[in-house]
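Q: Each residue of the sequence shown is one higher than the one before, starting from 354 at the first, in my numbering.
Rather than coming from a laboratory, the hints here were simulated on the basis of the structure.
Heads up, a few of these hints could be off.
Simulated restraints on C-beta separations [as the list claims (entries may be wrong)]:
(1) LEU412 x TRP381: 12 to 20 Å
(2) GLU404 x GLY361: 17 to 25 Å
(3) LEU360 x HIS413: 38 to 46 Å
Owing to the predicted nature of the structure, the values given are computational and were not obtained by experimental measurement.
Positions of the beta carbon are idealized from the N, C-alpha and C atoms, including for glycine.
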Amino acid sequence: MQVKKQLGFAPEGLEPPVEFPDLLEYIWVAFLSLSRRRHAGFNGPQSITPEQILAWKTLHEFPLRPWEVEALEALDDIYMRVAYG
Numbered sequence: 354m355q356v357k358k359q360l361g362f363a364p365e366g367l368e369p370p371v372e373f374p375d376l377l378e379y380i381w382v383a384f385l386s387l388s389r390r391r392h393a394g395f396n397g398p399q400s401i402t403p404e405q406i407l408a409w410k411t412l413h414e415f416p417l418r419p420w421e422v423e424a425l426e427a428l429d430d431i432y433m434r435v436a437y438g
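Using the sequences provided together with the hints, build the complete structure.
A: Have a look at this one:
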């Protein structure tokens, strides 16, 4: 809504938010926690590494199945595509 207000139109691909599935909320929370601690270089944010995911999993004593790690990596891929446009 803010982008539409500033630009006067809604850019293509900027859909209204959808309800987030409750069953996947813990993956989103894990991603946000990892993302807050991501490293940044001269060119901007860096991808979350497998070592960072492992460290997060260990520190939080949170078991992650392989598909959940893949989901975190997919979210990070999207983040990086948006960050580097």
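Q: Failing hints, ascending?
A: Hint 2 alone not satisfied by this model.
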